[in-house]
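**Q** Heads up: the protein sequence lines correspond to chains A and B, in order. Counting along the first sequence from 1, when you hit position 60 you're at 60 in this note's numbering, and nothing is skipped either side. Counting along the second sequence from 1, when you hit position 110 you're at 110 in this note's numbering, and nothing is skipped either side.
It cannot be assumed that every hint is accurate.
Here are the in silico distance ranges between beta carbons for each label pair [what the hints assert, rightly or not]:
| no. | chain 1 | residue 1 | chain 2 | residue 2 | range |
| --- | --- | --- | --- | --- | --- |
| 1 | B | Asn128 | A | Gly135 | 53 to 59 Å |
| 2 | A | Gly23 | B | Asn172 | 29 to 35 Å |
| 3 | A | Thr97 | B | Val25 | 41 to 47 Å |
Coverage of chain B stretches by chain A, computed from C-beta distances (three or more under 8 Å per stretch; other residues unrestricted) [what the hints assert, rightly or not]:
| no. | region |
| --- | --- |
| 4 | 165-171 |
| 5 | 176-184 |
It should be emphasised that the hints constitute simulated quantities derived from the structure, not laboratory data. Note that the Cβ used here is the ideal one computed from N, Cα and C, for glycine as well.
Here is how the chains run, residue by residue.
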Amino acid sequence: MSDEIIVVEQLHKYFGSVQAVKGVDFRVKRGEVVLIVGPSGSGKSTVLRCINHLEVPTSGAVYIDGVHLEDKKTNINEVRAEVGMVFQQFNLFPHLTVLQNVSIAQEKVRKRSKDEAEEIAMEQLQRVGIPEKAGAYPRQLSGGQQQRVAIARSLAMQPKIMLFDEPTSALDPEMIKEVLDVMLDLAKAGMTMVVVTHEMGFARAAADRVVFMDDGQIIEVGPPEQIFGKPQHERTQLFLSKILAH
Amino acid sequence: MAGPEIQIPDVSWRDNWREFPWWLVAILGFLVVMAILVFTNENIREAFLFIIPGIRLTLYITLAGFALALVLGLLAGLGRISSNALVRNIAITYVEFIRGVPTLVLILTLAFVLVPAISNGMGIDNRNVSIELRAILSLAIIYGAFLAEIFRAGIESISKGQMEAARSLGMNYRQSMQFIILPQAIRNISPALGNDFIAMLKDSSLASVLAVRELTQRARLYAGSTFRFPESYLVLTFCYLTMTIALSLLLRWYEQRLGKDSR
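In isolation and in its complexed conformation, chain A is listed as follows (with noise of 0.2 Å):
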């Protein structure tokens, strides 16, 4: 078994006649964490939702575990149930209870039983640190708490893989910290993690590597220190420029 977990081999995406990604390269190790920042419209959440097929590539690969995506053969619902996603806007089910939005894949999916199923639901709303709210509709909570019943619905499948989505652009500021946390903790214990983000603190405490990628094209790549620190391209710079700016 290979260590490298992703690979992503001359990936092109095309909505219609516009190229969102333009032969994108990238590779992750098992229990890396990886960053990829870039300006919007620049492919980052292309290139991310092709990793779990919700973007079939135009042309190239992806490679999961060794498992070719775009092969027909391969079952996709299989590779999906071992990477977790998480959305910018949480995406929680609406109609169901906190315990249940964490279960009903682990029955559906992995056919546990309703008991083990809410066992682990449990389990992963604990780790996620808002057990008291397992009974409560999504609506009830805040946009922060929503956010990480998102991360244990992901978690309680136990994947190989986290993709997150901006997963912070759409919390207001005093409740990015709590998700962050989350976050950071399940980087410590080893799991592997891309995560499309502007948030630099979280780069310079998690991130094994950061991709800058604009314009459809992966530009840089390399440690937080030297992407955020002492960026080599002239395009890294002044998007950097940018966002630190406010």
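Could you slot chain B onto chain A? The hints should help.
**A** Okay, now just chain B, sitting in the frame of chain A:
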């Protein structure tokens, strides 16, 4: 310095007057007058007693037809949004065909052309297919097409993120629909489904052209044999209006409760 004194006019009684459901008073007034006449007027009572047993068939046809229409509508609604071009086109053909032909014409065509064709194909003598069953199947096929559009709209009203979240957890398309999308969609469209149920209750009167002895057919029979046309059709109107007003009030109450819940 004191600001100018503002007189707040007391218009609450006027608002109440304007917002009061006078329409309901008028309709309930008609129903009460009719109910009194049923008790006091000999001819009207006789008409009522002849017509009212038809309510059993009216309700039976409506309930059975609607249950079948729900199944057909859900299947056609899912077909409408299928990524499979063949399935999608079959569903659209069904919906557009039905929507393009008047209900009365469809009932005649379905009952006397389609049902015999199918029963012959299955090797059943079509004289053994009762007119009640033909009425139920016809109404189900017609309303299935209307419900299909409601189901489609309901499914499309759920944000794309819900399907993505379900799929990203490894649930397949069917599981995601069944456990995540449809429960939310059906809740959203339940008032529209209720409206179509009321519409179907009214359209079940068209089964009278197949000689099904439901309310309308009994009223026609009574009017034809006694020549008491006003009594017959006033009683018939009274029967339908009682049911539809009761159902639509129930629906309004349910909608209000639904609105409060989601807040």
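**Q** Hint by hint, note whether the structure agrees.
**A** Hint by hint, here is what the structure shows:
1. A hinted range of 53 to 59 Å holds for the C-beta pair Asn128(B) and Gly135(A), which are about 55 Å apart.
2. Our hint of 29 to 35 Å for Gly23(A) and Asn172(B) holds, since their Cβ atoms are close to 32 Å apart.
3. Between Thr97(A) and Val25(B) the C-beta distance comes to about 43 Å, which sits within the given range of 41 to 47 Å.
4. Given as covered by chain A, the region 165-171 of chain B passes the check, having 7 residues with a CB less than 8 Å from a CB of that chain where 3 are the minimum.
5. Counting residues of the region 176-184 of chain B whose CB lies closer than 8 Å to any CB of chain A gives 4, which reaches the minimum of 3, so the coverage claim holds.
In this structure, every one of the numbered hints holds.
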